[in-house]
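J.: Going down the list, the sequences are from chains P and V.
Going by full-length UniProt numbering, the first residue of the first sequence is number 1, and it counts up by one from there.
Going by full-length UniProt numbering, the first residue of the second sequence is number 1, and it counts up by one from there.
Treat the hints as calculated values from the structure; they're not laboratory data.
In this text, all values refer to a predicted model and were calculated from it rather than measured experimentally.
Beta carbons are placed, not taken as given, at the ideal position from N, Cα and C, and that holds for glycine.
Among the hints, erroneous ones may be present.
[Said to hold, decoys possible] With beta-carbon atoms standing in for the labels, derived distance ranges: (1) P:Arg304 x V:Gly676: 56 to 64 Å; (2) P:Arg388 x V:Ala490: 32 to 40 Å; (3) V:Leu95 x P:Lys280: 22 to 30 Å; (4) V:Gln626 x P:Ser580: 52 to 60 Å.
[Said to hold, decoys possible] Listing some non-contacts, in silico: residues in chain V with all C-beta distances to chain P over 12 Å: (5) Lys7; (6) Val23; (7) Arg24; (8) Lys55; (9) Leu95; (10) Leu106; (11) Ser149; (12) Pro357; (13) Leu371; (14) Arg438; (15) Leu460; (16) Ser617.
One-letter residues, chain by chain:
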Amino acid sequence: MDPSKASKKRKAVTRDIDEEAGVFSGDELNPGDLDGALSDNASESSADEEDSNSEIELVDDFSDEDDEEDELDSDEIPSDNGGLTKDSELNDVNQSDSRDMASDEEQLNYRVEKDANGNARYIYDEINPDDNSDLSEVDENANTIGNIPLSFYDQYPHIGYDINGKKIMRPARGEALDALLDSIEIPKGFTGLTDPSTGKPLELNNDELELLRKVQMNEIPDEGYNPYEPMVEWFTSKQEIMPLSAAPEPKRRFVPSKHEAKRVMKIVKAIREGRILPYKPPSEQDEVDEDVIKYDLWADEAERPDHPMHVPAPKLPPPGYEESYHPPPEYLPDNKERKAWEATDPEDREREYLPSDFGSLRKVPGYENFVKEKFERCLDLYLAPRVRRSKLNIDPESLLPKLPSPEELKPFPTVCATVFRGHKGRVRTLAVDPSGIWLATGGDDGTVRVWELLSGRQLWSVKLSDEDPVNVVRWRPGREAVILAAAAGDDVFLAVPPIVDPELETTSMEVLDAGWGYAASRPAPSATEANKKSTPQWLRPSAPLADSGVCIVIRLRYVAKSISWHRRGDYFVTVCPGSSTPASQAISIHTLSKHLTQFPFRRRLKGGGPPQTAHFHPSKPILFVANQRTIRAYDLSRQLLVRIVQPGARWISSFDIHPTSSTSSGGDNLIVGSYDRRLLWHDLELSQRPYKTLRYHRKAIRSVKFHPSGRYPLFADASDDGSLQIFHGSVTGDMLSNASIVPLKVLKGHKISGELGVLDVDWHPKEAWCVSAGADGTCRLWM
Amino acid sequence: MAKIKKKGTSGQAKNFITRTQAVRKLQISLPDFRRLCIFKGIFPREPRNKKKASKTSTPNTTFYYTKDIQYLLHEPLLNKFRDQKALAKKVARSLGRGEVGDAARLEKNNAPRLTLDHIIKERYPTFIDALRDLDDALSLLFLFATLPSTTHVPPKTISLCQRLCHEFQHYLIATNSLRKSFLSIKGIYYQATIQGQDIMWLVPYQFVQRVNGDVDYRIMATFVEFYTTLLGFVNFRLYSSIGLRYPPKFDTRSDENGAQLAAFTLEGRAVGNVPKAIEANNTKSNGPANKEVSKEVQDKVDKVIETAGLDQSEEKGAEPTEEPTDAIDRFEPAAPEADTLPQPDLSGSQAGELFAPFVFYVSREAPRGPLEFILRAFGCTRIGWDEVLGDGAFTHDETDSRITHQIVDRPALPESSLPAIPAAKQNGAPQKVRPGTRIPGRTYVQPQWVWDCVNEGKLLRPDLYAPGASLPPHLSPWVKPTKGAYDPRASLAEQEEEGEAEAAEEESDEEMEDNAGNKEKTDGNADEESDEEEDDESVDGGMDVAGTDDDDSESGEEDEEEEDEDFGGFDDEAASESEDEEETARTQHQKELEAEAAGLPFSSANGGADEKSKKKSSQAKKIASQKRKEEEELERQKMMMSRKKRKLLEKMQYSNKKQSDEAAKLRSKRRKIEKGSQK
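Bound-form chain P, shown alone:
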């Protein structure tokens, strides 16, 4: 409880004990009061001393009530207990007062003395506050309810009745106790600290506490100090009229100093003599010297790596001939150029000057745009964005593919040397015989004709069929026999044209006839087999045909459009692409020596319609079969599908295999012609897709052919647009370089009849000549 508060409270209670507050506070409470059961002595004491001091009594009562009200109002101490304690205090006071009064009456407990002014002054003795009252300790507050459970009073504010029948109010609980504790006065001067010098608890008296408080409150700790004392004017604010001293102004105040003059004169003299310069002379010398470089900037030069973002300014190009003061006359502009130059905007001019000839140096005038040009260069240096541009400085020739020169590529067919006329209607097919002397053709008129290649003379002709065209003729490879295979209608004919010397003819006949014996010795096919397969029969032709040289007829029962011989001449494969042909009989391999026909495929080739054409591999036992979209390679010995080639064409018309395929280290090369105007070069080592796709024809390609010998890397295609195209297609031995294809020549000569142009093409076996069969009924030899 802080002292100020305590005093306030006390003031509210009594006025007369103010001056003795310190004493009073000392024994305000005795421990007995704490109980609360002790209370209510106020009424008792007041009753005791009603007579003695009624005034006080009244006041007391009043104050008591007041106090109680206050207390309740303030809610500081909610119970009567507070009131009780106060009452007890008052009681004490009253008691002491009453005693004092009593003692006053018995003996004067003061002395009268004179103060400074001579007035009487009462000095009282100090009051001895010892408590030796002998009041009985009757417990007047005892509860009188008897031995009943207190819980009966639970809902009441009181807990019973005292001896006087007054309600004993329920004692306060926690809060009241707290309030009580608050009200407990801590021993006077208690600080809770120990004095380090004495070891006893440090106790501070009131003055010291006051001092502390003042210090704490930022007040001046000195008791008597008045910070607001009235100002004492040491020097008057009013001006004094009379001077303090009457001494006159000294002379030195207004006479120039001689000493100073002496010193100035000294400087002046020094200046006059030039010992002192009055001001620093302008250092012209320095300024000049500043422009002169006096040290080597690059004394310790170190190369800095070039930053990629650093772009040095490009140098100006050196002047050309036309900038000369006396250029060659051809550089001078003529009138038209001069006018054009003058007409263009200065910014658009290619050159900022007009070349002119001054003849001699003395006539050369000043160049009027010199400053401007230099200024523009300056602007370029700091304003123009710089960009690194890789300048295209390649010789355009180097971009062109390295092609062999046309001289190297020669020979290739260029002109039409012979025209073979004789066929009525289209010539569908032709073939040059392996010796390169004869040409066999077959056409719509159903005849097969053999011509002398160089002269164009017809040597032999046979009409194979009246209504069906001859679809294909092919010579048997090999020089030892001359055998021509031709397909017309449903049959395949093998003939030995009577054009050769008899010796050769007989050997040829022998080759053909060898099979008869084999066929005879062969066990006749069983009925079931015959039914199932219905193998084509090798028959002797009718007499007129036999007379004209046809030896064997094979009845395929379906129209064969393609014949291809194996390189050894023992086998040939025919393909019947007709849609009515059963899949199992579309491709047949014929063995010449055994007069045997086999159907290697039972089912139709997958993906792309009926088979179109087939060829044997030039060196390996592989058969390439093309249907409309793909070419498949079958290993005949192992009976396996080796490879599928996908040219990507919609309808393959023909294909050919490079004659050197797989003989050297290089892979197989194929050319494929298609009805959708494409010529495709396949390198089977590279991919199943084409290596090159050439589209130089405007119409469908009917036929493609490699030159059969390895000597000339040529190939040709024949197209419906009436032209043949000759290409150079060299295949190198090493795997690193691809085949180089060079277009060489377009051969035009065949006339287009009925949307068809050139139907077939073939090469001379040894020379770089080719022959073509046209829809116009002619064949042409190109050489």
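Following the hints, complete the assembly by docking chain V onto the known chain P.
T.: Structure of chain V alone, referenced to chain P:
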């Protein structure tokens, strides 16, 4: 999910910064920024994708590289600029108060001095780098050395430029490192090779430069400020590398007398009483490597000083005449069809000997400055000139017997038009020579002879360059003959494409036939005119009169017009040409038959001409067919190329074609001219 990248935080958006942003970042004004950029050599960039780099849609923005600008932030000059700005404010304030003296004092004492040394070191970390970038510096400084002083161009700057340029020229003279020079209509181009770097610059002719209004001299001045510092350092380094003291002694009085180059005196570094401090400084900065050099050069310089005691004004280049045994011999192809192998240019020692044995005298009308420089740079040490051209000559006496060559640039005039000889003064003054007279024993050449000799690297026939002679064309030494380009040195036949001449001839023949009469007329005109011209010249007495030129061009124009008209007529006839040809062939055949019948040999001028023309036409046909064949071949090759490559090829062919067209045009012009001169 990956974090979404914020736009404009990386890549081009961050690498480039617009100019406004840069100026704002540096907190300087735009002119200051400009100066800073010029000094630091910072230039705008072109982002690969402008759209990505710019935050705005404004298309015309200047972009700088952000790193460049960041780098500028630490530039010491930036603070100098700020000081300058503060000072400018102070000065403006005192001027506003009318305290002019104060302002002047402020200006004088507090102006911050810009030093560009560190920038030069920064921009050119090695000396070679500096040499590489010297082209523009020299061109601009040589220009400023000839400019009149104005408010923008203070005389101090001009004199500084002059000094630096002359110092540089002196170095070139001393080391004979000038290689080529070329008289163009703009000025004189020089090319020097210093430490393997080719430096080319352009010096204007000595005329007052016309100044256009749209030239900002502040920008030029900024460049000049930078370049003067650069050239100063370069000169120092060059001088010290050959053991000379820098700066060379400069004689102000002789400079005022127009001595130009001769106002400078080169000194060896250790000659005489060189101040110790500078010597120490130099050796320290040059390192030990230079010490040896300087010692070596020192001896040489000493020797030179001994030998050239009489010629005080100029110390000769350090090259005494030595026999260059290890020089590369010149190989000339003996046969025209052989390949020419490239050979290196002439070396310094060779260049130093070109004019060494001669004494030149430069006439009054020839440009003394460039001639002196180029002659000295190519070894000539004794050059005299007329008194009016200034001080520093070997001799002012034109009659001096030591003179071997006199450079004259005046037309040959008839005796009568020459002024009388002024009365010769006896008292020691050089004797006046009557202009136009020739003193025997010396060669008279026009100035171009010097330049052509220098470019060829050998002495040319002086009679082609005699005074009054029409000079051979002056050709640029820098144009290398390339394939397909026109080369004026080579004869027309050498570079013509096959059949071009024939085709042209044919054309021109027809042309000629059509307007033969007209031609004659014009020729007559031309003759008359030339006569007139000569007359004019003789009357004028050597003065160039613009009037004659005008007449010439006018008459030329007339001719052209006439020709044009004729051409029009010819075009109409061209259509019926082929028919005519057939007709003539038929008639000729008829004539032949008739002659045969008459038993006479058929020979007539007409027939001969026809035969010739026939031959020609057949040749032309052959050529045409060949060309067609070539084209076919090209097409064939193109067919095999991919589309991309084909486009590239066409692009290249376009530029090549442009070049070849130009060449063809020049050839045709030359053909015309040659034909005209033959007549």
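J.: If I take the minimum Cβ distance from V:Leu95 to any residue of chain P, is it greater than 12 Å?
T.: Holds, since 21 Å exceeds 12 Å.
J.: Could you tell me whether the CB distance from V:Leu95 to P:Lys280 stays inside 22 to 30 Å?
T.: 24 Å, holds
J.: Quick check: does the Cβ-Cβ distance between P:Arg388 and V:Ala490 fall within 32 to 40 Å?
T.: 35 Å, holds
J.: The hint says 56 to 64 Å between P:Arg304 and V:Gly676; measuring C-beta to C-beta, is that right?
T.: 59 Å, holds
J.: Could you let me know if the closest chain P CB is still more than 12 Å away from the CB of V:Arg24?
T.: Answer for V:Arg24: holds, closest chain P Cβ roughly 19 Å.
J.: At 12 Å, judged by beta carbons, does V:Ser149 keep clear of chain P as stated?
T.: 14 Å, holds
J.: The output says V:Val23 does not contact chain P. Does that hold with a beta carbon cutoff of 12 Å?
T.: Given that every Cβ of chain P is farther than 12 Å from that of V:Val23, nearest at about 14 Å, it holds.
J.: For V:Ser617, which was marked as not at the interface, is the minimum beta-carbon distance to chain P over 12 Å?
T.: Answer for V:Ser617: holds, closest chain P Cβ roughly 26 Å.
J.: For V:Arg438, is the shortest beta carbon distance to chain P beyond 12 Å?
T.: With a cut-off of 12 Å, V:Arg438 remains clear of chain P, as the shortest Cβ separation is near 18 Å.
J.: Does V:Leu460 clear chain P by more than 12 Å, comparing its Cβ with all Cβ atoms of that chain?
T.: 15 Å, holds
J.: Given the hint of 52 to 60 Å, is the C-beta distance from V:Gln626 to P:Ser580 inside that range or not?
T.: About 58 Å separates the Cβ atoms of V:Gln626 and P:Ser580, which means 52 to 60 Å holds.
J.: Classify the label on V:Pro357 as holds or violated, using whether its beta-carbon is more than 12 Å from each beta-carbon of chain P.
T.: 24 Å, holds
Of the numbered hints listed earlier, the single one contradicted by the structure is hint 13.
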